[in-house]
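Can you make the complete structure from the sequences, with help from the hints?
Going down the list, the sequences are from chains A and B. The opening residue of the first sequence carries number 1 in this note's numbering; numbering runs sequentially from there. The opening residue of the second sequence carries number 1 in this note's numbering; numbering runs sequentially from there.
Read the hints as simulated data drawn from the structure, not as lab findings. Fair warning: there could be bad hints in the mix.
With a straight-line cut-off of 20 Å between C-alpha atoms, the simulated DMTMM-like cross-links for lysine to aspartate or glutamate are [unchecked claim]:
| hint | chain 1 | residue 1 | chain 2 | residue 2 |
| --- | --- | --- | --- | --- |
| 1 | A | Lys86 | B | Asp103 |
| 2 | A | Lys136 | B | Asp44 |
| 3 | A | Lys86 | B | Glu114 |
| 4 | B | Lys64 | B | Glu82 |
| 5 | A | Lys86 | B | Asp130 |
| 6 | A | Lys30 | A | Asp175 |
| 7 | A | Lys136 | B | Asp130 |
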Amino acid sequence: MPLLMIEPDRAALPTESDLVVPGGEVRAIKLGCGQLLAVTDLEGGQPAGLFAVSDADPEIFLSPHHTRVFSNSFALRLGMRLVTNKRRPVMVLGVSAPHLVHDLLMPLTEGEPAGADALKGRVAAVLHEAGARVAKVADPVNLFLSIAIRRDGSLTPAGVSSRPGDILVFRAVMDLTLAIAAPRPDPRLWQRPAPGPLRVQVRNDLDSIVGLPHRE
Amino acid sequence: MAEAVLTVDGGHGGAFAVRSGAVFALIDVLGQQAIDFVAFNAGDLRETLSGIETRRALGSLYIKLGDVLVSSRGRPMLEIVEDSIGTHDYTVPACDPSRFAVDFGCPGHRNCLENMFAPLRAYGVASPLDVPEPFNFFQNSPVVEDGRTAVVDPPSRPGDRIALRALMDLVCAVSSCPQDIIPGNGLRPTPVEVRYPQGSA
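Take a look at the structure:
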């Protein structure tokens, strides 16, 4: 495991991997405890829908709703733990530039009048193909999506916060299968002529992540 | 049509069914009591009341008189037709066994998820995973600053009520939230009532 344990893990490090999620599609990838997940918006202005299910128990999955309550925050912020439906940590958002905003409140309907079921069906399919057992497809964590939250409770879509090449890095603390969506626009929440691609990297050390800004 | 009354003890749960068009009321009998509430399309239990879809539709963290609450398929499911208080939440998940066992070191505590799932089994709901995220009537979860939140005690007084019109045939469940460790119910769960048309379902 690529974490600084008192008793170092002698087992081989978990597999590193790369993929590109084409605009409008969903892809799955494995992420081991201790590994780093990097998500890059290659063109800018494209949200990423993040879903995760525990490899140990299909009834344990990433929950945006429990993540909000765990940190008393309606939005995902740098340093926050993303947690499961049982409120145990899944991963931590460790790199996110100050201009980036991430949503924990909205569905990914892609503008479909029947809601998010169609996208969730595609998420279930790619998770299953990747070998995950899927008991339920939870709601997404919407990376880069900006929803302005005011004291009066109003939620105002504020576009997509990412610019070309913007990158996020998470540290996983659980063995997971992820699904990452590059959804089509939802006219009610964000506009974009066509969905753009996302780069996903799973790494055992920070230095091998492509596109990560150098530490000052 | 005669009125049925479902009385739920403090910290317990119950379920009921209503036909499309029926108006039913949820009542905080003694005040300061959050009522978790979920609803299913009685004809297809896979379609549920959805907080996340309702947020997209309403563009607000708060709900008010006249608002239409929508289903997981984006369809109108309920309309708020009466509201004596105007303070409700639909962002906080139901408390569950791990909430008390892990977060408070108190395994075996009553919880909203099991309070609602147990009576829903008689209506065909097969798993706690099938119980959707709840609407928490009378729960007070204000936006405090910079998009952050907190849960504080409800301002509801004895007899405060919210009434909803069913826009499709529904199976519903409620829980008098049993949280008695942190603020949310004034540290004392109390009874709630549901009044609905008898024989409407």
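These are the hints, each one checked on the structure:
no. : hint                  : verdict
1   : A:Lys86 <-> B:Asp103  : holds, 10 Å
2   : A:Lys136 <-> B:Asp44  : holds, 17 Å
3   : A:Lys86 <-> B:Glu114  : holds, 14 Å
4   : B:Lys64 <-> B:Glu82   : holds, 9 Å
5   : A:Lys86 <-> B:Asp130  : holds, 15 Å
6   : A:Lys30 <-> A:Asp175  : holds, 8 Å
7   : A:Lys136 <-> B:Asp130 : holds, 8 Å
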